[in-house]
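*Asks:* Given next are the chains, with one letter for each unit.
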Amino acid sequence: MKQFVLALHCEAKPIIQHYRMKPCGKHGQAQFFEGETARLAVTGVGSLSSAIATTAMGERFPSNDSTWLNIGICGGEDLAIGEAFIGNKITSGYSRDVFYPQLVGKSPWPGIEIKTLNAPSSVYETNRVFDMEAFGFYTAALTFASSERVQCIKIISDNSDSPTGAHFNKTEISSLIASQIPKIESFLENTEFSEAEYHMRDWANDLLSAAKTRYSLTETERHQLSSRIRQLDALLDLEEGLNLQVLLNSPKKGQFLERLQFKIDQVSPQRVC
Amino acid sequence: MFDRIYIEEAVKNHPRTLEILERYDHAERIDCRRYGEVFNPKRQSFRLQKQNPALILAAKHGNRVLPTPPEYGLGADQHYYFSHMLNCLYDCRYCFLQGMYQSANYVLFVNYEDFVNDIKVTLDEDPSKQSFFFSGYDCDSLAMDKVTGFTSVFLPFFAQHKNAWLELRTKSVNISSLLDREPIPNVVTAYSLNPEPVADSLEHRAPPIKARLSALKKLAKTGWKIGLRFDPLIHFENGIEKYSQFIDQVFDSVPPGSIHSVTLGTFRSPKNVFKKMESLYPKEPLFMGNLQLKNGAIGYREAIEQALFSSVEEKILQYISPSKFFPCQ
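As they're listed, the protein sequences go chains A and B. Quick note on numbering: the first sequence equals residues 159 to 431 in the working numbering. Quick note on numbering: the second sequence equals residues 844 to 1172 in the working numbering.
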């Protein structure tokens, strides 16, 4: 699932339209939207608002394999308006903490340091861009995903030639974000990765449930049972797994657990190479 | 080779840093205060990062040369290890590096001169003693030598210090830096070896066994001392027979006179490291059966370990004298 976090409705609008999202709730001033493959939070301006909305979204929609993207506008000293960057270092004007988002694949955008400020600034610095949300977003999103799955993409909306406020136009901001959607799509496709998450197959789940029903197990034995069935799930093919049902004929729980272990020990050397 | 290079403040003007940055001029450069800011944070996925690791250039402050545990000796008076790099180009499933660090990025400590100085200080403490220094503990000694220039600094140093031995522990066939120079009698190139089925299944991204044996042969032929490291022994179906055939194959490839030492050890891992490795690869059969917790470490059950170990030991001792054999159990 893609989880977008944006400060302003005008920033979010093209993404909401692209993923055909519908409103799906609120948390304080934050509004949530949901589509088939993506969710989005419009957080309001500021690092704290972004952190609160990100946390609320993560808690309301738990997911282990989401990629979190904070997209928004930023200021950069001599960088062209419309140019987009991915944060390779996230700092702030108020904390010594620093984040280094990790990339798995190639990024379509050049990397840059994003420094989050508490207020808009017309003073710029070389080699970094200024925004007002990334640091809060990043701090909060790391609770729900590893550093590779949390990224900030910023598009230059102001620079030293056209400082903040001189041309703050909602339609223009929407079109700045819209112009990056093809790259965002391809970035997300290329970085689709699945962690080593473990989902037991049906036969293993069935065997686990049947064994728990059949035998009266202590907490330790329950742990042993789950662990052994999980191991067998990794080692056996479907047919071999289904054949294990016969072990439930063991009259005693100890015998059943021993037979599972015997099977593991028998099969694992065959499957190592 | 690298999309991103992180540069620690302390080494941004170090000549080795500048050389590496010049070579990888397309890589994105990111400054950091200390390498730990990038390398140590939690909430990193080792497995995802392993797909495209970044390079972190840093300085190693203190604890550069450390004594090895007593069971890891090669017959010298003193044994030490040092790590100019953290993490490895290869992705061997059994390796403790899989579960050691939060990050799969490579850390290269560019202050070689400090390592060399510390080695010299260690040697000067008692010049009458023979000391062994192992270099491939947290990385492969040779795999990234073209990037790191490791041998170009350390080999000349050891060439001048005859009471010091250097072990280059490797699976790499990147040996041109050795072949291009005269062999150094107190430097041992030690290859980690396992039978082909194990190497193919578990030693991801490492050179095939045939290529490693060919590299060994070339080094031996040019006069370099060779170490054979059958470690870790892996329990697999018909393993005893396969190891026996493999030992024959290895000793057929290397002239006995060039062999400095042979070590032998079975698969084992500290419990916490094992748990992390297992969580990274929950379907890896290596982590499944016939294992037990003993003295805080996970290893094969006694009977399996003994049978495998003693059969391989017996086989090795058909080829070399016990004085060159260093079992680690």
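Just to be clear, a hint being listed does not mean it is correct.
[Unchecked claim] Far from chain A, some chain B residues (derived; all Cβ distances over 10 Å):
#1 Y915
#2 G992
#3 S1019
#4 P1028
#5 P1040
#6 S1044
#7 R1048
#8 E1127
#9 S1164
[To be verified] Derived SDA-like pairs (lysine to any residue); straight-line CA-CA distance at most 25 Å:
#10 B:K1137 to B:L1107
#11 B:K1126 to A:N401
#12 B:K885 to B:L1107
#13 A:K247 to B:S995
#14 B:K1119 to A:R429
#15 B:K989 to B:N1029
#16 B:K1137 to A:R388
#17 A:K264 to B:R866
#18 B:K1005 to B:T911
#19 B:K1119 to A:H381
#20 A:K370 to B:P1125
#21 B:K1119 to A:N222
#22 B:K1114 to A:V425
Source of the hints: derived by calculation from the structure; they are not laboratory data. For glycine and all other residues, C-beta sits at the position ideal for the given N, C-alpha and C.
*Asks:* For each hint, tell me whether it holds in the structure or not.
*Replies:* Against the structure, the hints:
At roughly 25 Å from the closest C-beta of chain A, the C-beta of B:Y915 stays outside 10 Å, upholding its exclusion from the interface. With a minimum CB-CB distance of about 26 Å to chain A, B:G992 clears the 10 Å threshold, and the non-interface call stands. Separation of B:S1019 from chain A is adequate, the least Cβ-Cβ distance of about 30 Å exceeding the 10 Å criterion. For B:P1028, the non-interface assignment is confirmed: its Cβ lies about 38 Å from the closest Cβ of chain A, beyond the 10 Å cut-off.
Interface exclusion of B:P1040 from chain A breaks down, the closest Cβ pair being 4 Å apart, not more than 10 Å. Listed as a non-interface residue, B:S1044 fails to keep its Cβ farther than 10 Å from every Cβ of chain A; the least gap is roughly 4 Å. For B:R1048, the non-interface assignment is confirmed: its Cβ lies about 17 Å from the closest Cβ of chain A, beyond the 10 Å cut-off. With a cut of 10 Å on Cβ distances, B:E1127 falls inside the contact zone with chain A, its closest approach being about 8 Å.
The claim that B:S1164 lies off the interface holds: its Cβ sits roughly 31 Å from the closest Cβ of chain A, which is beyond the 10 Å cut-off. A distance of roughly 19 Å separates the Cα atoms of B:K1137 and B:L1107; the hinted pair therefore holds under the 25 Å criterion. Proximity of B:K1126 to A:N401 is assessed by CA-CA distance (about 20 Å); at most 25 Å being required, the pair is judged to hold. Pair hint B:K885 plus B:L1107 does not hold up; C-alpha atoms about 35 Å apart against a cutoff of 25 Å.
With a CA separation close to 34 Å, the supplied pair A:K247 and B:S995 exceeds the 25 Å bound. Taken as a hint, the B:K1119 and A:R429 pair is honoured in the structure, with Cα atoms around 21 Å apart against an allowance of 25 Å. A distance of roughly 22 Å separates the Cα atoms of B:K989 and B:N1029; the hinted pair therefore holds under the 25 Å criterion. For the hint linking B:K1137 to A:R388, the alpha-carbon distance of about 23 Å falls within 25 Å, and the restraint holds.
Between A:K264 and B:R866 the alpha-carbon distance is near 19 Å, which keeps this suggested pair within the 25 Å criterion. About 20 Å separates the Cα atoms of B:K1005 and B:T911, which keeps this hinted pair within 25 Å; it holds. Proposed proximity of B:K1119 and A:H381 is supported: the alpha carbons are some 18 Å apart, at most 25 Å. With a C-alpha separation of about 23 Å, the suggested pair A:K370 and B:P1125 falls inside the 25 Å cut-off, and the hint holds.
Distance hint between B:K1119 and A:N222 is fulfilled; the C-alpha atoms sit about 18 Å from each other, no more than 25 Å. Proposed proximity of B:K1114 and A:V425 is supported: the alpha carbons are some 23 Å apart, at most 25 Å.
Consistency with the previously given hints fails for numbers 5, 6, 8, 12 and 13, ordered from lowest to highest.
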